[in-house]
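Novice: Residue strings, one per chain:
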Amino acid sequence: TQLLEQSPQFLSIQEGENLTVYCNSSSVFSSLQWYRQEPGEGPVLLVTVVTGGEVKKLKRLTFQFGDARKDSSLHITAAQTGDTGLYLCAGGRGGQNFVFGPGTRLSVLP
Amino acid sequence: DTAVSQTPKYLVTQMGNDKSIKCEQNLGHDTMYWYKQDSKKFLKIMFSYNNKELIINETVPNRFSPKSPDKAHLNLHINSLELGDSAVYFCASSPGSGQPQHFGDGTRLSIL
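Chains as they are written, first to last, in this note's numbering: chain A, 568 to 677; chain B, 34 to 145.
It should be emphasised that the hints constitute simulated quantities derived from the structure, not laboratory data.
Just so it is clear, the structure is predicted and the values come from calculations on it, not from any experiment.
All residues carry an ideal CB built from backbone N, CA and C; glycine is no exception.
Some hints here could point you the wrong way.
[What the hints assert, rightly or not] Mimicking DSBU-like on lysine-lysine, the simulated pairs with C-alpha atoms at most 30 Å apart in a straight line are: (1) B:Lys69 with A:Lys637; (2) B:Lys55 with B:Lys100; (3) A:Lys637 with B:Lys77; (4) A:Lys637 with B:Lys74; (5) B:Lys100 with B:Lys52; (6) B:Lys42 with B:Lys73; (7) B:Lys73 with A:Lys637; (8) A:Lys624 with B:Lys55; (9) A:Lys626 with B:Lys74; (10) B:Lys74 with B:Lys85; (11) B:Lys42 with B:Lys52; (12) B:Lys52 with B:Lys69; (13) B:Lys52 with A:Lys624; (14) B:Lys55 with B:Lys85; (15) B:Lys42 with B:Lys74; (16) A:Lys623 with B:Lys77; (17) B:Lys74 with A:Lys623.
[Stated by the list, open to error] A few chain A residues facing chain B, derived, Cβ under 10 Å: (18) Gln600; (19) Glu608; (20) Leu612; (21) Thr615; (22) Leu653; (23) Leu655.
Just chain A, same shape as in the assembly:
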């Protein structure tokens, strides 16, 4: 049983469209991170959210941590081909190491 679920597993959209990907768990996390991984490279941290209900914006990316700190979403506005990659969420529980979700593979087509 996976501690973190991500949906959708795969997403293919046209450049300029908006999208939302989700990270869900039945467990409470003290913090949650989003990473993006491109082919042939390691994951790169995008954001950390720590407070229930918190919303963080990174240019066209908006991250939200659920009120109960069990889920999170990542919304991308006007997607670009450079947004293509594997999006991973990782949940932490206060001092313990993070558990990674299985990822959402995003393809943005020109």
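With chain A held as given, fit chain B onto it using these hints.
Specialist: The following block gives chain B in isolation, referenced to the frame of chain A:
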């Protein structure tokens, strides 16, 4: 300046051999990790070291032995390689346990 560097980037070897992967970080972080990413891209933690001390050892065969000579280095030695060991192995570091991680670019291990 590469923050977390792993060598080699590619490793192709035969079943039964012993091999090592090296990792170094120049970020001054206290915690280092080894992850295995399988063909379905699922990233699973193997080991975590904090200031050269082992703090996490997930269910990993004892053919895998990490070594941390100092807090900037965490190497991974694998004995008697098996076909199922084929994967990408990532090293990562963080300021402390449970904090945001910086990843290396991975070592692609292929067992023939």
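Novice: Name the hints, by number, that the structure is in violation of.
Specialist: 8 and 13
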